[in-house]
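J.: Read off the chains here:
There are 2 protein chains.
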Amino acid sequence: MNLVGRPQTESGAAKWWGWGLESKTYPLDDKSQFWPFLLKTLKLRELVECPRVGIEDVKLPPSRLGNRTLTQLKRFAGAANVSAEKYDRLTHSLGRSYPDLLSLRRGVIRNPPDAVVYPNGEDQVEKLLAFARANRISIIPFGGGSSVVGGVEPIKRRGLKGAITLDLRRMNRVLEVDSVSLTAIVEAGISGPQLEDALNSKGFTLGHFPQSFQFSALGGWIATRSAGQQSTKYGKIEDMVECLTLISPSGRLDTKAVPASASGPELKELLIGSEGTLGVITKAKVRIRRLPEVRKYEGLMFKSFRDGIDAIRETMQNGLIPEMMRLSDPDETRISLMLSSEPREFIKSVTTKLGLWLLKRLGYLSPHACLMILANEGSQASVKAERNSALQACKRHRSFVIGSGVGETWAKERYELPYLRDVLLDHCILVDTLETATTWNKLETLHGAIKKAIQNAMSSMGVTGLAFCHVSHAYRDGASLYFTLVAPQVKGKEFQQWGRIKKAATDCIMRNGGTLSHHHGIGRDHAPWIRQELGNNGLELLKAMKRQLDPTGIMNPGKLLEFDR
Amino acid sequence: MNLVGRPQTESGAAKWWGWGLESKTYPLDDKSQFWPFLLKTLKLRELVECPRVGIEDVKLPPSRLGNRTLTQLKRFAGAANVSAEKYDRLTHSLGRSYPDLLSLRRGVIRNPPDAVVYPNGEDQVEKLLAFARANRISIIPFGGGSSVVGGVEPIKRRGLKGAITLDLRRMNRVLEVDSVSLTAIVEAGISGPQLEDALNSKGFTLGHFPQSFQFSALGGWIATRSAGQQSTKYGKIEDMVECLTLISPSGRLDTKAVPASASGPELKELLIGSEGTLGVITKAKVRIRRLPEVRKYEGLMFKSFRDGIDAIRETMQNGLIPEMMRLSDPDETRISLMLSSEPREFIKSVTTKLGLWLLKRLGYLSPHACLMILANEGSQASVKAERNSALQACKRHRSFVIGSGVGETWAKERYELPYLRDVLLDHCILVDTLETATTWNKLETLHGAIKKAIQNAMSSMGVTGLAFCHVSHAYRDGASLYFTLVAPQVKGKEFQQWGRIKKAATDCIMRNGGTLSHHHGIGRDHAPWIRQELGNNGLELLKAMKRQLDPTGIMNPGKLLEFDR
Numbered sequence: 306m307n308l309v310g311r312p313q314t315e316s317g318a319a320k321w322w323g324w325g326l327e328s329k330t331y332p333l334d335d336k337s338q339f340w341p342f343l344l345k346t347l348k349l350r351e352l353v354e355c356p357r358v359g360i361e362d363v364k365l366p367p368s369r370l371g372n373r374t375l376t377q378l379k380r381f382a383g384a385a386n387v388s389a390e391k392y393d394r395l396t397h398s399l400g401r402s403y404p405d406l407l408s409l410r411r412g413v414i415r416n417p418p419d420a421v422v423y424p425n426g427e428d429q430v431e432k433l434l435a436f437a438r439a440n441r442i443s444i445i446p447f448g449g450g451s452s453v454v455g456g457v458e459p460i461k462r463r464g465l466k467g468a469i470t471l472d473l474r475r476m477n478r479v480l481e482v483d484s485v486s487l488t489a490i491v492e493a494g495i496s497g498p499q500l501e502d503a504l505n506s507k508g509f510t511l512g513h514f515p516q517s518f519q520f521s522a523l524g525g526w527i528a529t530r531s532a533g534q535q536s537t538k539y540g541k542i543e544d545m546v547e548c549l550t551l552i553s554p555s556g557r558l559d560t561k562a563v564p565a566s567a568s569g570p571e572l573k574e575l576l577i578g579s580e581g582t583l584g585v586i587t588k589a590k591v592r593i594r595r596l597p598e599v600r601k602y603e604g605l606m607f608k609s610f611r612d613g614i615d616a617i618r619e620t621m622q623n624g625l626i627p628e629m630m631r632l633s634d635p636d637e638t639r640i641s642l643m644l645s646s647e648p649r650e651f652i653k654s655v656t657t658k659l660g661l662w663l664l665k666r667l668g669y670l671s672p673h674a675c676l677m678i679l680a681n682e683g684s685q686a687s688v689k690a691e692r693n694s695a696l697q698a699c700k701r702h703r704s705f706v707i708g709s710g711v712g713e714t715w716a717k718e719r720y721e722l723p724y725l726r727d728v729l730l731d732h733c734i735l736v737d738t739l740e741t742a743t744t745w746n747k748l749e750t751l752h753g754a755i756k757k758a759i760q761n762a763m764s765s766m767g768v769t770g771l772a773f774c775h776v777s778h779a780y781r782d783g784a785s786l787y788f789t790l791v792a793p794q795v796k797g798k799e800f801q802q803w804g805r806i807k808k809a810a811t812d813c814i815m816r817n818g819g820t821l822s823h824h825h826g827i828g829r830d831h832a833p834w835i836r837q838e839l840g841n842n843g844l845e846l847l848k849a850m851k852r853q854l855d856p857t858g859i860m861n862p863g864k865l866l867e868f869d870r
Numbered sequence: 306m307n308l309v310g311r312p313q314t315e316s317g318a319a320k321w322w323g324w325g326l327e328s329k330t331y332p333l334d335d336k337s338q339f340w341p342f343l344l345k346t347l348k349l350r351e352l353v354e355c356p357r358v359g360i361e362d363v364k365l366p367p368s369r370l371g372n373r374t375l376t377q378l379k380r381f382a383g384a385a386n387v388s389a390e391k392y393d394r395l396t397h398s399l400g401r402s403y404p405d406l407l408s409l410r411r412g413v414i415r416n417p418p419d420a421v422v423y424p425n426g427e428d429q430v431e432k433l434l435a436f437a438r439a440n441r442i443s444i445i446p447f448g449g450g451s452s453v454v455g456g457v458e459p460i461k462r463r464g465l466k467g468a469i470t471l472d473l474r475r476m477n478r479v480l481e482v483d484s485v486s487l488t489a490i491v492e493a494g495i496s497g498p499q500l501e502d503a504l505n506s507k508g509f510t511l512g513h514f515p516q517s518f519q520f521s522a523l524g525g526w527i528a529t530r531s532a533g534q535q536s537t538k539y540g541k542i543e544d545m546v547e548c549l550t551l552i553s554p555s556g557r558l559d560t561k562a563v564p565a566s567a568s569g570p571e572l573k574e575l576l577i578g579s580e581g582t583l584g585v586i587t588k589a590k591v592r593i594r595r596l597p598e599v600r601k602y603e604g605l606m607f608k609s610f611r612d613g614i615d616a617i618r619e620t621m622q623n624g625l626i627p628e629m630m631r632l633s634d635p636d637e638t639r640i641s642l643m644l645s646s647e648p649r650e651f652i653k654s655v656t657t658k659l660g661l662w663l664l665k666r667l668g669y670l671s672p673h674a675c676l677m678i679l680a681n682e683g684s685q686a687s688v689k690a691e692r693n694s695a696l697q698a699c700k701r702h703r704s705f706v707i708g709s710g711v712g713e714t715w716a717k718e719r720y721e722l723p724y725l726r727d728v729l730l731d732h733c734i735l736v737d738t739l740e741t742a743t744t745w746n747k748l749e750t751l752h753g754a755i756k757k758a759i760q761n762a763m764s765s766m767g768v769t770g771l772a773f774c775h776v777s778h779a780y781r782d783g784a785s786l787y788f789t790l791v792a793p794q795v796k797g798k799e800f801q802q803w804g805r806i807k808k809a810a811t812d813c814i815m816r817n818g819g820t821l822s823h824h825h826g827i828g829r830d831h832a833p834w835i836r837q838e839l840g841n842n843g844l845e846l847l848k849a850m851k852r853q854l855d856p857t858g859i860m861n862p863g864k865l866l867e868f869d870r
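Quick mapping for you: the protein sequence lines, in order, are chains A and B.
Heads up: the first sequence at position 294 corresponds to 599 in this note's numbering, and the numbers run straight through without jumps.
Heads up: the second sequence at position 269 corresponds to 574 in this note's numbering, and the numbers run straight through without jumps.
Okay, chain A solo, but in the shape it has when bound (with noise of 0.2 Å):
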């Protein structure tokens, strides 16, 4: 049986700057229509030069802890583990947000760690915590840090006298697979690519698959609730968690191996999306799967998105749930068949150019159209079962099958849509993500005024943006919508042009039904609205759980939780 593993990754230096490698970047070669539509659609005459500083240029506040301290940290951690250098603490200052990006290109970096961890076991962990209680001084979890909300930023807290970043990547093993219970216990620190390595090797794969997958962690899919791009199916990661290990200032947890119980509150549910406020994620036993045998990316065009909506709600609502659908709103659609790459070919375009020209015709290249990427694997049996499932109720919404290409496409491309960002911050344009879901009846709306809310934003500080959305990660109930906003920077006013913006989608999503984060999770730059979103009580029930495991509130300070400085 020919299995399909996941696509081979490059490696490499990383960027200190900004996304993914340093030897790589977003290709706009064969995307010819790329820049002449973004001028106009921003309204800019010509693109302009946003240049960074070197690594020279950048200047870090020294560290806080003696050489006293340094030296204590060696004895648990061994000396190799231990670092107080330059490049070390400038790569753990700051993770991958919008304002992340614009502080590193600037140099300006206001909280690196004082130190960086890389503990290479469990108890070096327990024996750290500990020195950091017992001297106040801050820990911030570290795994492969791509956060896009500021959840890796060692932020200072009064009564603290330092910062360590514990960066797990040397705790990367995969201790156990079990291939009759089909779970594998695995270091919180591995990487994406390091995991499916792994497991691909043997079969099976875990089937979690974020933008960020390259260079994200486990334990930092677990700390903040991220979704694969396949949820719809395979679940979020605290579907795919079957039980975990926590070790915090007040000690060790480790949730129980069972595939489900009635033993009170579930324990792994309070620990899974705690952002490293409540200790440290060091290993999970997760549920894997065999590799697929099948797997099939297509297109399919809507003639609104409302049709979108309803044909996906209508296919989770029926039972047969194929591991993708996702629907990109019109402009997102427009942008998406734009930055699809031409055909090299002559047969190819021709074909191409057929193939619009009928959809033209058909009406589904209206300014209403949307694009749906529509993705089954599995079994033979069961791909063919829920694909039927779903293409029978696109078909009930008059959708129109534009075959593999498009769908291949992304499929390829998944993981380089970050790196477009530092291309565009090269050339002063602002863009950010965000996220939020809601149930079905809300979503709609939701989506309406989110983009008005970003579009109000953009046009009060004089500039003129693009705000484009997909539904994705589909429920029963609802499902999330993932926003891509872009605008000219407005100069010397970044970050409030930045903050600004924020600010009204989020309103927005609190005052219409939306979570404040499906998958992104919470960190620096949402804790200011989780009061709203948690209300009252339930707010002081997580400081009480923060207290009960972090009584000194050294753990990564700032983050999900209000913060008092």
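If you are wondering where the hints come from, they were derived from the structure by calculation, not from laboratory data.
Mixed in with the good hints, there may be bad ones.
Treat identical chains as interchangeable: a pair holds within one or across any two.
List of simulated lysine-lysine pairs, DSS-like, C-alpha gap at most 27 Å [stated by the list, open to error]:
#1 Lys665 - Lys608
#2 Lys757 - Lys689
#3 Lys747 - Lys507
#4 Lys851 - Lys601
#5 Lys665 - Lys848
#6 Lys601 - Lys507
#7 Lys432 - Lys391
#8 Lys345 - Lys851
#9 Lys798 - Lys717
#10 Lys601 - Lys689
#11 Lys364 - Lys329
#12 Lys796 - Lys345
All values derive from a computational prediction rather than experimental measurement.
Given chain A's structure and the hints, the job is docking chain B onto it.
T.: Chain B in isolation, oriented as in the chain A frame:
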């Protein structure tokens, strides 16, 4: 389209001393082999009688609440909603576990509530909790009262001056049905039949059918992490709850009505399974589904327990999930076939006998043979795909399909078996059930170990008993085990006998990687093992939550957590 609703249920007065309706018992007329088999197996020469006391002989300790307190209660809740009468106190004094039934039948009631309040809205609950907190009176939330782990007994706690049971039966309205998102907002006191009747009349179902269905309530299901008999496909109650409202002594918590979220730990999961120890669950928004187009039950025989287990495991791991695969172990298989009603008509009887002869010839009636009930429901397409997938896995493990008869009988009689307990108790026979869940790699070992532990505990008190089991509630990574145990009572030591068996079985579960409870909950009876189940830090975390929401410890004392009187 012909949709399949739930079977009609009767109504009438409930037994104060046993299961279900006064007017009903378990019919044994057409099961002529039952008593002879039981006498032989339990090595009893004859059936004896253990009569129960009449209600007039039950004496309750006087209410500890003075007239002034009762008057105040009536002011909050309305005079018609407050009772300190004997009947109300008696019928809220215990659940329906074996020791509870022993106490009821003897009329020895140690902990009746001092009053019963039937609130008819959330504001009454809020006022009552404030009053109880101020006056140090414990509050016991009460749904259907069907707990089999001592979940509703008003256990006394030092420092508390009385106990009020809050019976939620008057909060039983369906407040909203959203046919787009497929959700319903329902008050927690609604009973199973009331809820399904209301939903069925609009073409929907919740799909939650625990064996207690007829006499349990939504709030109780949520408070105990209940599993319905179709949980394999539909999930446990926690998967059906989109959000809920809990009124705690510290105030009200409304979790967010969204399909999924990454806004920190999942608060909903802290409240589901809280067993009334954190507050009163007053309503929930549940995920409903359309009534199935098709429902299909069928029976299969396997040559061994291992074959059947492997068939379930492979089905779960292949991705197309049936509603139920319920596999009896060899002992339960024998009893199930015997308890199947004997066909009354000649033709059926001949067919049955021919069938049995054939089964025997083929080796499916050996002492190792196991019966599976396979159930599928949903749309035509999903049933076809899911049934095929399950049948193929079964075939790979040498199953023999014995047709729909035994499956349909099971479905018809699924709520009847608890009535048999009362019949057995009438004849001085101990009968209890217990359940757990574990991962596939440990399932068979755990099954054997529990069986042995129970048998040993029975023998140690000089009686010969029987313990049989089925696998139900399957997951990708494991399944639950549900044991029924039957033994002659040890006269004068009935409680000790039960306690010794319970301890032996539970210690064995804990030693062999099972969960303390998969769907019955912890209550009073499992609380001694809760520290072992959750670990020190896990239990301390629960206690911290309890201190936050219930600082004076008035909510359902003696349940779930360890308990000092």
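J.: Each hint needs a verdict: does it hold in this structure or not?
T.: Verification of the hints:
With identical chains, the CA atoms of lysine 665 and lysine 608 are at most 27 Å apart within one copy only, with a shortest distance of 11 Å there and 61 Å across copies. Taking identical chains as interchangeable, the C-alpha atoms of lysine 757 and lysine 689 are never at most 27 Å apart, the minima being 40 Å within one chain and 45 Å between chains. Only between protomers do lysine 747 and lysine 507 lie at most 27 Å apart by alpha-carbon distance; the minimum there is 21 Å, versus 43 Å within a single protomer. With identical chains, the CA atoms of lysine 851 and lysine 601 are never at most 27 Å apart, being 44 Å at best within one copy and 49 Å at best between copies.
Proximity of lysine 665 to lysine 848 under the C-alpha cut-off of 27 Å is found in neither arrangement, the shortest distances being 56 Å within a copy and 63 Å between copies. Proximity of lysine 601 to lysine 507 under the C-alpha cut-off of 27 Å is restricted to the intra-copy arrangement: shortest distance 22 Å within a copy versus 37 Å between copies. When the C-alpha separation of lysine 432 and lysine 391 is checked against a cutoff of 27 Å, the pair qualifies only within one copy, where the shortest distance is 25 Å, while the shortest distance between copies is 59 Å. Proximity of lysine 345 and lysine 851 under a CA criterion of 27 Å is satisfied in neither setting, with 50 Å inside one chain copy and 59 Å between copies.
In the homo-oligomer, the alpha carbons of lysine 798 and lysine 717 never lie at most 27 Å apart, since the shortest distance is 36 Å inside one protomer and 71 Å across protomers. When the C-alpha separation of lysine 601 and lysine 689 is checked against a cutoff of 27 Å, the pair qualifies both within a copy, at 10 Å, and between copies, at 22 Å. In this assembly of identical chains, lysine 364 and lysine 329 lie within 27 Å of each other by CA distance solely inside one copy; the values are 26 Å within and 82 Å between copies. For the homomeric pair lysine 796 and lysine 345, the shortest alpha-carbon distance inside one copy (19 Å) is at most 27 Å, but the shortest distance between copies (91 Å) is not.
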